[in-house]
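Those protein sequence lines, which keep their order, are chains G and H. Under UniProt numbering, the very last position in the first sequence is 135; numbers go up by exactly one each time. Under UniProt numbering, the very last position in the second sequence is 379; numbers go up by exactly one each time.
These aren't lab readings, by the way, just hints derived from the structure by calculation. Incorrect hints may appear among the rest.
[Stated by the list, open to error] In silico EDC-like pairs for lysine to aspartate or glutamate, Cα to Cα no more than 20 Å straight-line:
(1) K285/H x E117/G
(2) K118/G x E84/G
(3) K26/G x E38/G
(4) K167/H x D130/G
(5) K57/G x D130/G
(6) K52/H x E87/H
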Amino acid sequence: MAGAEGFVEADNAEAIIIRIEHKSRKIESLLKQGKPIEALKTALEGAPPKTQDERCKSANWIVVHRALMAIKDVDFMFSSLDPEYYDILMKYLYRGLSTGDRPTCDQCLRIHEKLTEKAGLGCILRCLADTVNTV
Amino acid sequence: MAAIAVHQFAQCITCHAWSPDHAMVAFCPNNNEVHIYKLIQEKWEKLHVLQKHDQIVSGIDWSVRSNRIVTVSHDRNSYVWNQEGSEWVPTLVILRLNRAALCVQWSPKENKFAVGSGAKTVCICYYEQENNWWVSKLIRKRHDSSVTSVAWHPNNVFLATTSTDGKCRVFSTFIKGVDIKEKKEGTSSDTKFGEQILQLDLSFSWAFGVKWSPSGNTLAYVGHNSMIYFVDDVGPSPLAQNVAFRDLPLRDVLFVSEKMVIGVGFDCNPMVFAADETGIWTFIKFLDERKTSSSGPKYGSQFSEAFGKLYGQSKYGVGNDAVESSRTRGGTHVNCINCIVPLREAGSSRITRFTTSGLDGKIVTWDLESQEDLLNYHL
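Excised from the complex, chain G in its bound form (with noise of 0.2 Å):
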């Protein structure tokens, strides 16, 4: 039975990362047309929280990663992201933080304290306090 849903939930990695390469296309057309938002809300959407697979959590993370750094303007990001979209960016945000890179970091911390005025620290919360659901 162990083996069986092993079986699936390899099948369904595949999957995911065949939809992970093709989100990934689309962000860098996005990015090229000089859509970065669009990208980041891309990027966001259908993150595979649900799966313990660490292959497709990495995979989706490479594009956030992608889509976060492309983010120049973090005050215009927020005027045109959508609520719905906060909660999934703070795990975003603190995977970014804790690889540690520089560069990363300081985009990371930037947004932040952006993300942190707007959805508060309830936002933060959500995002420590579950650890089901990890990005």
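Position chain H against the provided structure of chain G, taking the given hints into account.
Using the frame of chain G, we list chain H on its own:
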């Protein structure tokens, strides 16, 4: 002003309860005692000290009709206190727990009480006339972690619990000889003792503070992830709503009407949630005025000062000592609120007044009558 009376009773209060006529208040000042105070000529005077527990008293409930106090403590025991003359006489209730008792509530008919514990169990206690003894019956093997809160359905049989495994559950507590089987129950024929009627997996973090609406149609509880959950149609196909809010998590809730809930917790300020005509619940406002005028990143706790430091002190204007500056914030409560108790008027189903207590040792009385913007939700 929503807060009509504030009194500093102790350094810290774990829980409190009011006498049936609201003239006396019983609270635990964060030790093994229960103090009973009475307002005599505008001054609070200590009338009784109930000393029987060995450790911190974690729950107090004062029954309205039978005028009995039940207390539970980390020492794993419970006492039922009866007033005889001017004395409070305790009766030991052996809960048969191997961990601390955490919360207690009298059932609506006051013939049973429920105790949540750290031993992953719920005790349902009832009085056996022939033995002159309180008996504890346990609901075992259902909870995966400590039971943080219990709430009785108005039908005196259903009990809702929240637990640090993140789940909210509803049980039947039907006890032969104590409860009378009602033919028109309708919802389920197998209301055996300990039967789980519902399990809600809405939260991924600790759950606290469960309550039923006055009619028993809606259930509300909170998660430690700054979420509050509302559940309608408790039964085989429940309708759940998750409401995320932007501030620190709640610890306890109170239904003041079918459509309005007050939440209290780490933000030191009661939050009002209400349902609109379509039944959608939203955050309405903070009850304490201090919050309504402020805008932007001004939070009311030590936690936020840590963030202030992270971003650079000058910007947030925080002092050197985080605790110090949170004290000078000037709200009614200056630390986490962990207990909210209604002040029910006799013969009225709606609640306009309630009291809160917390880690700052204050008991604050709040009045909703003056809140005109909330009247719509409050009928």
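Evaluation of the provided hints:
As the CA atoms of K285/H and E117/G are separated by approximately 18 Å, the hinted pair is consistent with the 20 Å bound. Straight-line distance between C-alpha atoms of K118/G and E84/G comes to about 12 Å, which keeps the hinted pair within the 20 Å bound. Between the alpha carbons of K26/G and E38/G the distance comes to roughly 10 Å, so the proposed pair stays at or under 20 Å and holds. At roughly 14 Å between alpha-carbon atoms, K167/H and D130/G fall within 20 Å of each other, so this suggested pair holds.
A distance of roughly 15 Å separates the Cα atoms of K57/G and D130/G; the hinted pair therefore holds under the 20 Å criterion. For the suggested pair K52/H and E87/H, the alpha carbons sit about 14 Å apart, so the restraint of at most 20 Å is met.
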